[in-house]
Amino acid sequence: MSQILNDILTVFPNGIEHYLLGGIAIGVGVILIYVLTGTIVGASTGLETIISYRSKIKWFQQEGFVSSRMWRTAFTVGIITGAFIYTIISGGNLWVTEVQWWRLLFGGILVGIGTRLGKGCTSGHGICGLASVSTASLINVVIFVGVAIVVAHAIEIIGVVP
Amino acid sequence: MNSERNTVVVTFIGGIIFGIGLAISKMTHPEVVLDFLQLDDLGLLFVLGGAASVSLIVFQIASRTNRVAPITGKKYSLREREINNDLIFGGVIFGIGWGISGICPGAAFASLGIGNYVILWGIIGMFLGAYGHGILKEYRD
Numbered sequence: 097m098s099q100i101l102n103d104i105l106t107v108f109p110n111g112i113e114h115y116l117l118g119g120i121a122i123g124v125g126v127i128l129i130y131v132l133t134g135t136i137v138g139a140s141t142g143l144e145t146i147i148s149y150r151s152k153i154k155w156f157q158q159e160g161f162v163s164s165r166m167w168r169t170a171f172t173v174g175i176i177t178g179a180f181i182y183t184i185i186s187g188g189n190l191w192v193t194e195v196q197w198w199r200l201l202f203g204g205i206l207v208g209i210g211t212r213l214g215k216g217c218t219s220g221h222g223i224c225g226l227a228s229v230s231t232a233s234l235i236n237v238v239i240f241v242g243v244a245i246v247v248a249h250a251i252e253i254i255g256v257v258p
Numbered sequence: 439m440n441s442e443r444n445t446v447v448v449t450f451i452g453g454i455i456f457g458i459g460l461a462i463s464k465m466t467h468p469e470v471v472l473d474f475l476q477l478d479d480l481g482l483l484f485v486l487g488g489a490a491s492v493s494l495i496v497f498q499i500a501s502r503t504n505r506v507a508p509i510t511g512k513k514y515s516l517r518e519r520e521i522n523n524d525l526i527f528g529g530v531i532f533g534i535g536w537g538i539s540g541i542c543p544g545a546a547f548a549s550l551g552i553g554n555y556v557i558l559w560g561i562i563g564m565f566l567g568a569y570g571h572g573i574l575k576e577y578r579d
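Order-wise, the sequence lines are chains B and Y. What the first sequence shows, in this note's numbering, is residues 97 to 258, in sequence order. What the second sequence shows, in this note's numbering, is residues 439 to 579, in sequence order.
Honestly, the hints are just simulated from the structure, not real lab data. Think of the CB as a built atom: it goes at the ideal place given N, C-alpha and C, for glycine as much as any other residue. Incorrect hints may appear among the rest.
[Unchecked claim] Example chain Y residues on the side facing chain B (calculated, C-beta under 7 Å, incomplete):
| no. | residue |
| --- | --- |
| 1 | 449 |
| 2 | 472 |
| 3 | 486 |
| 4 | 489 |
| 5 | 535 |
| 6 | 544 |
[Unchecked claim] Partial selection, computed: residues in chain B whose CB lies under 7 Å from chain Y:
| no. | residue |
| --- | --- |
| 7 | 105 |
| 8 | 120 |
| 9 | 132 |
| 10 | 140 |
| 11 | 147 |
| 12 | 160 |
| 13 | 170 |
| 14 | 178 |
| 15 | 195 |
| 16 | 207 |
| 17 | 217 |
| 18 | 227 |
| 19 | 228 |
| 20 | 240 |
| 21 | 245 |
Take the sequences, apply the hints, and build the full model.
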């Protein structure tokens, strides 16, 4: 019995409460928007709609982006604001990552391409797609989580830390 | 017009709650996401699982009613996408990027909110990637 408990504790070295609580809060945000406006959010489409304010390229000027860019930008600014509010309330300790800049930049470029090609990210396919019991989203999530686990291990093995 | 303004207000407030959730669960820290991907701390499963479960209950109930959303008059629908090569390749490319950086779009923006200015490298990268994809689409069509 205590052996099983120990095994569980090793895969959750930091406990699970804040993960679960945070996850539920994320869901409440999604639900509020869904119930009041009938809109299914996703953070990565926000990238394209923000670009649509500046780029004249036809792809970015499509009706779907231009008509939704106001609320999608509001959603993005809301995310930044919410994390800032939480930081202030919980003592005001700002935090900076130690992950190297080139990992963030090159990884970010691939995240930008991949989420737009696949039409969704962790929030769109991951949360809303799974909540919709969408087969397409389930396929996409299994692929990106699986590939990311392999890549993160490969990077650890070649000795890049962090 | 009023409905458009109210939609913006609601998505902003929803975004705030969403951002608070990302901060509570430390998804704002690429290190925590990389710990999950390296299978050292599986807590992320509870973040995704928690968010998807509560959303699932509401999505499934609402989409089975004939009610419409009060602000927009839109019918409650479910998210459905076509299963095609783009969905697969998009997942692979996103997975490589996520594994390298530990960032995804929502979490990267939230990370900016906790003062992590270094994440701007990642945010610039995501915009470059999304822009590059748009140019690709332009030539393809």
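Agreement of hint residue 105(B) with chain Y interface, Cβ distance less than 7 Å
violated (11 Å)
Should the interface hint for residue 120(B) be scored as holding, given a Cβ-Cβ cut-off of 7 Å against chain Y?
holds (5 Å)
Please check whether residue 544(Y) passes as an interface residue: C-beta within 7 Å of a C-beta belonging to chain B.
holds (4 Å)
Measuring from the C-beta of residue 170(B) to each C-beta in chain Y, is the shortest one below 7 Å?
holds (4 Å)
Using the nearest Cβ pair, does residue 147(B) come within less than 7 Å of chain Y?
Check passed: Cβ of residue 147(B) comes within 6 Å of chain Y, closer than 7 Å.
Tell me if the interface restraint on residue 449(Y) is satisfied: Cβ within less than 7 Å of some Cβ in chain B.
holds (4 Å)
With a cut-off of 7 Å, does the beta carbon of residue 140(B) approach a beta carbon of chain Y closely enough for the hint to hold?
holds (4 Å)
Hint residue 472(Y) vs chain B: min CB-CB distance below 7 Å?
Since the shortest Cβ distance to chain B is 6 Å, the answer is holds.
Would the hint on residue 228(B) be counted as holding, given a Cβ-Cβ threshold of 7 Å to chain Y?
Hint holds; residue 228(B) Cβ to chain Y Cβ min 4 Å, cut 7 Å.
Is the interface hint for residue 160(B) satisfied, with its Cβ closer than 7 Å to some Cβ of chain Y?
This interface hint is violated because 13 Å lies over the 7 Å limit.
Hint residue 245(B) vs chain Y: min CB-CB distance below 7 Å?
holds (5 Å)
Given residue 195(B) as an interface hint, is the shortest Cβ-Cβ distance to chain Y below 7 Å?
It holds, given that the least Cβ distance between residue 195(B) and chain Y is near 5 Å, below 7 Å.
Checked against the numbered hints above, the structure breaks hints 7 and 12 and satisfies the rest.
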